[in-house]
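Chain Y is already provided as a structure; the job is to place chain D on it using the hints.
Top line first, the protein sequences correspond to chains Y and D.
Quick note: the first sequence uses the UniProt record's numbering, first residue 1, plus one each step.
Quick note: the second sequence uses the UniProt record's numbering, first residue 1, plus one each step.
Hints listed in this document are in silico derivations from the structure and should not be mistaken for laboratory results.
A few of these clues could be false.
Put simply, identical chains are the same to the list, so a pair is met inside one copy or across any two.
Unchecked claim - Derived pair list, reagent style SDA-like, types lysine to any residue, alpha-carbon separation capped at 20 angstroms: (1) K99 x S189; (2) K250 x E21; (3) K250 x Y210; (4) K120 x D141; (5) K217 x S239; (6) K217 x V240; (7) K99 x E237; (8) K56 x L24.
Given the structure is predicted, the values throughout are model-derived calculations rather than measurements.
2 protein chains.
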Amino acid sequence: MSGTNSERELIAEGPAVILVEPQLGENIGMVARAMANFGLAELRLVNPRDGWPSEKARSAASKADHVIDATKVYETLEEAINDLNFVYATTARERYGFKPVRSPVTAAETLRKKFVEGAKTGILFGRERWGLTNEEVALADEIVTFPVNPAFASLNIAQAVLLMSYEWMKSGMADLGQTPFDAVQQRPSTKEQVLGLFEHVEEALDARGYFHPPEKKPKMVDNLRAVLSRRSFSEQEISVFRGIIRSLDKFPRRWPPKAKTAEAGGVEEHDGDE
Amino acid sequence: MSGTNSERELIAEGPAVILVEPQLGENIGMVARAMANFGLAELRLVNPRDGWPSEKARSAASKADHVIDATKVYETLEEAINDLNFVYATTARERYGFKPVRSPVTAAETLRKKFVEGAKTGILFGRERWGLTNEEVALADEIVTFPVNPAFASLNIAQAVLLMSYEWMKSGMADLGQTPFDAVQQRPSTKEQVLGLFEHVEEALDARGYFHPPEKKPKMVDNLRAVLSRRSFSEQEISVFRGIIRSLDKFPRRWPPKAKTAEAGGVEEHDGDE
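Next up, chain Y with everything else stripped away, as it sits in the complex (with noise of 0.2 angstroms):
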């Protein structure tokens, strides 16, 4: 199911968001919009400019309302991080001090890390234009900067915050590889049913003469099994397949072809030359 679902679990910890000045409530609703998706839910704003709260906000949030509902204002920066123990800021520039700097994926991995051990952390994001100042960021621990395009390398404030809601909620899956639903299982055929094809096809080819010259015939059917057996077909699909060529096989024609595929019958290549 797409969207919003009230009977599934709503994710809802992590570290806290913490905008710094931000000024239009559009981008505080997609800031909580982002993080709802992505399972965090704590956000703090440090004096925004239009106010709190705000319609714009709710509006861009899209139904985020738990995470606009809960949203906590502070005066100052310090006061908005006083009870965390760990704080990254994020940042585009190159800063001159001596603070670690981070990907996104080690920015994730230590929060998770500190998150199991029981600790309070946060994430920092600056001003829409400018971001957060050298003094702001002094307060941080550690930096987390995006790998960017470095001709095209500005990120909006709630791209940077989608980004690292991601890598958070990444960090927390065993195998990055995992996906929210599977595709069918494909039950492996065995060499029984990959005969049985091979069988099926060579004969209703060989009457109707496909097989010609006749001293070519191993040849061509070697190929032939070649093509039909490198990919491990499952029996799903040679079940297919079977049902396919039986058809062909069996019925003749109702309708002459259409000009389409008339047309389309150039490709020819069964000689066993490949």
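Frame of chain Y, contents of chain D only:
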């Protein structure tokens, strides 16, 4: 330095981003910006609701003009992917089919590998409100889906493009070594060749009344296409399959079936209920 910097190297390569029937110019612009942030440059639009070019898109792209200027518009999804070798469909919903479902990390690694091998690739993104249809997903090789909060799963289109673009960029940083080529070199097929196979098989089957009852035809076609596309057949494989179908389709049997093959014909599984 943050922001756009024309003196730095502009990365502009990799998979095409294909938006199917996007509605808002703002979203198209934010998609272009997200692509530019992470080094992608080829944007394709299928039947955009408000036409193209779009001033709203250009404005929302925040100077990602190289992406906006090169954007191409197509009337159908088939035309938009005809020249590509390998295509991902993004979806939040579980689909019934055979297609492998990948995480963004795995998908980006696959796209990077194919890029290094010289294949042309693309990623499909659906409409703002309801994504891709099953028929559209059927045209892709594999599915990619995002690890989201189950109770708050809706990503907007620009967010989804941002995450895939970000993973694309990361896949290039991790993969500094060359990916070795396979021993036997197969040319990847184009979507035009895959669609040609679909139409060839379907017409030949239709002419025999295979799709029965008629109301089940769309589902049966879906399943057939899923089976015929999930392996990303090479040009050579498609050519062989078409040779088989053409032979079975065009020529009548000269001899009655042998007992063995007739007996093997018990596997019938084309009713689309898998």
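Right, here's what the structure says about each hint:
In this assembly of identical chains, K99 and S189 lie within 20 angstroms of each other by CA distance both inside one copy and across copies; the values are 17 angstroms within and 18 angstroms between. For the homomeric pair K250 and E21, neither the shortest alpha-carbon distance inside one copy (39 angstroms) nor that between copies (42 angstroms) is at most 20 angstroms. Both within a single protomer and between protomers do K250 and Y210 lie at most 20 angstroms apart by alpha-carbon distance, with minima of 16 angstroms and 11 angstroms respectively. Proximity of K120 to D141 under the C-alpha cut-off of 20 angstroms is restricted to the intra-copy arrangement: shortest distance 13 angstroms within a copy versus 43 angstroms between copies.
Taking the shortest alpha-carbon separations for K217 and S239, only the inter-copy value of 18 angstroms comes in at or below 20 angstroms, while the best intra-copy value is 25 angstroms. Taking CA atoms no more than 20 angstroms apart as the test, K217 paired with V240 passes between copies only; the shortest distance there is 15 angstroms, against 26 angstroms inside one copy. Within a single copy, K99 and E237 get their C-alpha atoms as close as 19 angstroms, and across copies as close as 12 angstroms, so both meet the 20 angstroms cut-off. In this homomeric assembly, K56 and L24 come within 20 angstroms of each other (Cα to Cα) both inside a single copy, at 8 angstroms, and across copies, at 19 angstroms.
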